[in-house]
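Novice: Now for the letters of each chain:
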Amino acid sequence: MKNNAVQDERAVAQKNKIGSEVCNLLLGGLFISLLVKEYILNLSFSQYATEVICLFGAVIYIVIRNIIAGNDLYGVKNNGKKSVIVTSLLCGLAICVTAGIANYARYYEKYADGTFLITLAILFVSGTVITFFVYSPIYILNQKRQTKIAEELDKEESDIK
Amino acid sequence: MKNKRMKIARIECDMKQEDLAKAVAVTRQTIGMIESGNYNPSLNLCISICEALGKTLNELFWEETHEK
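Protein chains in written order, with this note's numbering: chain A, 1 to 161; chain B, 1001 to 1068.
Think of the hints as simulated: they come from the structure by calculation, not from any bench.
Please note that a few of the clues may not be correct.
Claimed, not checked - Straight line, CA to CA, 30 Å or less: simulated DSSO-like cross-link-like pairs of lysine-lysine:
(1) A:Lys17 to B:Lys1022
(2) B:Lys1022 to A:Lys82
(3) B:Lys1004 to A:Lys81
(4) B:Lys1004 to A:Lys144
(5) A:Lys155 to B:Lys1022
(6) A:Lys17 to B:Lys1002
(7) B:Lys1016 to A:Lys148
(8) B:Lys1055 to A:Lys144
(9) B:Lys1002 to A:Lys81
(10) B:Lys1004 to A:Lys148
Treat the numbers as computed from the prediction; the structure is a model and nothing was measured.
Next comes chain A alone, as it looks inside the complex:
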């Protein structure tokens, strides 16, 4: 029997887009909730651990799924190493600023001359190094996958000649 069910591709694409928007809104909401709990309500980590786990889970899923699907996460060719370093530095700076503000708000009475600057430097260096060590394996995995895809395409391309 012939299946006459309507498969409207426009409606399907629209539904997928709505699903994606909802996902982005949820992730944004989680991030805002995390910031509010950490910096405004000053709650302990255990009270916002769910948000952190969900955000990390989502990020890991997005990265792994994109690498498996063969999407180039770094986009710009031959500029990946530079982007790893720039991203690490920017993340280090962001961590330094956010954690520095939170730190100062909580412990400003304990900071003597120069101690706060040392704290900021430690935050910046540790943030940059940690981001670099997290980001580099992703970059290497992405490069390996891209190389494999390029080899497969080369093989297919040479087959027809």
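Since chain A is already given, all that's left is putting chain B on it; use the hints.
Specialist: The following block gives chain B in isolation, referenced to the frame of chain A:
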């Protein structure tokens, strides 16, 4: 279904997948997937490919099996 006509048209234009990908602003992987029949391009992308290869939509994308 493999799109051999697109592959042949590309080779006739002396273009590599990378060149065509650049010409129509997509990745090489997308061109490879269209040629191997693993991706259904949008009408806009089909038109861009036709313009880049100097062919018509019929010449590249219309299958004889669609004729009545």
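Novice: Could you tell me which of the numbered hints above are not met by this structure, giving the numbers in increasing order?
Specialist: Hints 3, 8, 9 are the ones this structure does not satisfy, whereas the remaining hints hold.
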